[in-house]
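Colleague: Sequence:
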Amino acid sequence: MLYSVTHTTKYDYDAPVSYCHNIAVLKPRRSLGQELLEYKMSIAPEADEVSERVDFFGNFITRFSIQKEHKQLKVTTKSKLRREYEQYKTEFRSDRCTKVSLEQAKENLLKTDLEILDAKQFVLDSIFINKTGEAVEKYARESFKPNRSVFEAAEELMQRIYTDFKFVSGFTSVSTPIDVVMQERKGVCQDFAQIAIACIRAIGLPARYISGYIETLPPPGQEKLIGADASHAWFSIFIPGFGWVDFDPTNNQIPGDQHLVVGWGRDYYDVPPLKGVVYGSGKSRLSVEVDIARVV
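Position in the sequence shown counted from 1, then plus 1385, gives you this note's numbering.
To be clear, the hints were calculated from the coordinates, so they are not data collected in a lab.
From a predicted model like this one, the values you see are computed outputs, not experimental measurements.
Treat the hints with caution; some may be incorrect.
Unchecked claim - List time: in silico SDA-like cross-link candidates among lysine to any residue, alpha-carbon distance up to 20 Å: (1) K1412 / S1427; (2) K1412 / Y1654; (3) K1412 / R1438; (4) K1571 / A1520; (5) K1463 / L1422; (6) K1660 / I1512; (7) K1516 / Q1506; (8) K1463 / D1676; (9) K1412 / Y1470; (10) K1523 / S1534; (11) K1660 / Y1404.
Could you build all of it, start to finish, from the sequences and the hints given here?
Modeller: Quick look at the structure:
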């Protein structure tokens, strides 16, 4: 499957901004079943400085600064991706994946091969997922029971979050604590991903945050609206002896070809689409549009 993705972020400022410095995680990375074929970023007004690097997790990071007065910042990226992930989903139901129990997984984490060492960093606390209360571990233990398959427990955790939590846009922000989301049982996709990650880490297994896009299909007979697709987030759990398996608690499904990966990290803090600082006064208005189209 080939996809064309256009992502537009626009900030309108009430008062002129004299300087801004930004960090963007918008260039899709190579991942299992995914290849980046083309990519272009456009910045208006034109940036005075632009640089790109690969971060610790292997994500593409773009830094840019604008050193002239402006009242609007517009960042547009265009990507072309080949996505062939569905073929790997059958392996998730294999004995190699589904027969690993919680006890076996923890025992395998004691090994010192490079894959295990890399995964173990995702057990640790991170900026947005730290010092979670007893409610998180209690919620996790309902699924992650002794001698149970880690895959089955993670799949059930995904299903429970989908059922127990309501999708309410605007209720949370990037800084809303996990415990608040846990108590209120509502939020958006990034909150649901981070709740799942907090649960998995609470029982001692590695989990990481995936930032990307999901293709949304219109009702039969209707045309898809430009900008109807959106940035998305889900989680991935590491099953020692098998590898990483992704789950999407917002939609209660194991991601497939329609889930396009941009980057991953410990939580949202590691892979925000765009963040920065500005020198100016007044408020700003943010608007984001994402369009995903299949390429024939």
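Colleague: Find the hints from earlier in the document that the structure breaks and name them by number, from lowest to highest.
Modeller: none
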